[in-house]
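Peer 1: Protein chains in written order, with our numbering: chain A, 24 to 220; chain B, 4 to 296.
The set of hints was computed from the structure by calculation and includes no laboratory data. One thing to keep in mind: the hints can contain errors.
Dumping the calculated SDA-like pairs for lysine to any residue here, alpha-carbon to alpha-carbon at most 20 Å [unchecked claim]:
1) A:LYS88 - B:PRO108
2) B:LYS52 - A:LYS88
3) A:LYS181 - B:PRO122
Label pairs and their in silico Cβ distance ranges [unchecked claim]:
4) A:GLU35 - B:ALA93: 51 to 61 Å
5) B:GLY295 - A:HIS67: 44 to 54 Å
6) B:THR118 - A:ARG39: 36 to 46 Å
7) B:PRO116 - A:ASN92: 31 to 41 Å
We treat Cβ as the ideally placed atom computed from N, Cα and C, and that holds for glycine.
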Amino acid sequence: MASYHLTTPLTEDAVRKLRVRDSVILEGTIFGIRDLTLIHIFDHKNTPPVSLQGAVLLHTAPSLKKTGNRWEKICIGTTTSGRMDRFTPGLMEKYGVRAIIGKGGQYQGSLDAMKKWGGCYLAIVGGAAAVETKQVVEVEKVYFEELHPEALYQLKVKNFGPLIVAMDSHGNHLYSEVRAQAEKKLPEIYKRLGIAF
Amino acid sequence: MVKFSYQLVEDTAKELYIRALKILPPDVREALKKAYEKETNPTAKEIFKTILANVDVADQEDMLICQDTGLPIYMVKIGSKFPVDGAQIAAALKEGAKRATLEYPFRGSSTHPVTRVNPQTSVGEGLPILFWDFAAHQDYLDILMVPKGSGSENMSAMKMFIPADGVGALKKFVIDTVLNSGANPCPPGVIGVGIGGTADLVTKLAKEAIVRPIGSHNHDPLFAKIEDELYEAINSLGFGPMGLGGSVSTLAVHIEWAHTHITLNPVAVNTQCWPARRARAKIYPDGRVEYGF
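Build the full structure now, drawing on both the sequences and the hints.
Peer 2: Listed below in structure tokens is the structure:
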């Protein structure tokens, strides 16, 4: 359970060092992205207007307020990552993304891509958007603005975290480990409650 | 003196939505604090620390607790000594929810189910969701506002069992549903269970179950006992806060029930995330508004 303080963009070496249960705090720039943005990029074939090499992506649909050309943050939190699972391999292979921040985790295809390309999944505390919003210093830029609140957001962050490594580049998947342990307990629980199974 | 008006209902509906997004009910705070104290897994403890810090930051800096502003639900109870026009109340609640979204402003999360066009108002066809009930002998209008987030709502499940499956099948369904939800609904939250009724009623009962204060039990000891059994069972699964492992996997299990058909045995699960958000207002005929939870 090591702790890391990393600056973006992330290198492959930095990501390969991470193991599940490690904790990470980030500095630099991260990108907010979610369902519609990813459908726009992959299904509707629109190339991201900014380099995502070594990028850290955050699954979010922020509440922002636009005053003139400036985007002010109102509330930036994290959404469930399972819905965006099918895009992760493409993000890593094609665009060089190194880390996904989200909640709930992703599945085998994403885990395989993380192993192959050197990526990881960083779990944030879902629902803790007040803390998260404070850790975002500034909304630097909004790409694909017409998709707001599901555009591509460039966010400057400071002391962003703590994030828990929940999927690493060595094939470890913390959610699956936790689930496997829970499943082992099921027969005993059913028995206690008199449930036939 | 302010007198009751439908404009007052609209203003209150707006205020309730914003309050629900910012001020966590005291029972939920208490349950989260206890969970932090009880938790022994270091990762889980760290998560509870962030959760508690988040509640404090939202209080101190007047911020939203979570970015998912949810779908607005208003559960309305009309006192029998308070004759009002339901249609005007419905219109006022819709306008209030819309104004909260546009005037605060926060992200509107409602969308068209086919075109996926987001009107950015939190309302739309069939929204806000309205529950109607009546309170005998009361002289107030009671409105409970619940912004329902999708992380937890997406994990809802309902099943029509048959009488031969017995009550064991219902308990197993609840445990399995919670296990399959894993980390997605931002655990540890409140697990709402509906038992009995029809397909629609059982689902509604599960929703009514999630808004009960933590620490409350079903009035019927038979169902209170099942609540305790399921609470203990789910917390022994060990998936912990945010599904990353730990000893506290749920803050409460609540059951609401109804009689059902002799051939039916329905069960529904509605999950609520750890910020089990809700805000209540009682509006009196003299225009007084009392806020609570």
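Peer 1: It remains to establish, for every hint, whether it holds in the given structure.
Peer 2: These are the hints, each one checked on the structure:
| no. | hint | in the structure |
| --- | --- | --- |
| 1 | A:LYS88 - B:PRO108 | holds (8 Å) |
| 2 | B:LYS52 - A:LYS88 | violated (29 Å) |
| 3 | A:LYS181 - B:PRO122 | violated (33 Å) |
| 4 | A:GLU35 - B:ALA93: 51 to 61 Å | holds (57 Å) |
| 5 | B:GLY295 - A:HIS67: 44 to 54 Å | holds (47 Å) |
| 6 | B:THR118 - A:ARG39: 36 to 46 Å | holds (43 Å) |
| 7 | B:PRO116 - A:ASN92: 31 to 41 Å | holds (34 Å) |
In terms of the numbered hints stated before, the structure departs from hints 2 and 3, listed from lowest to highest.
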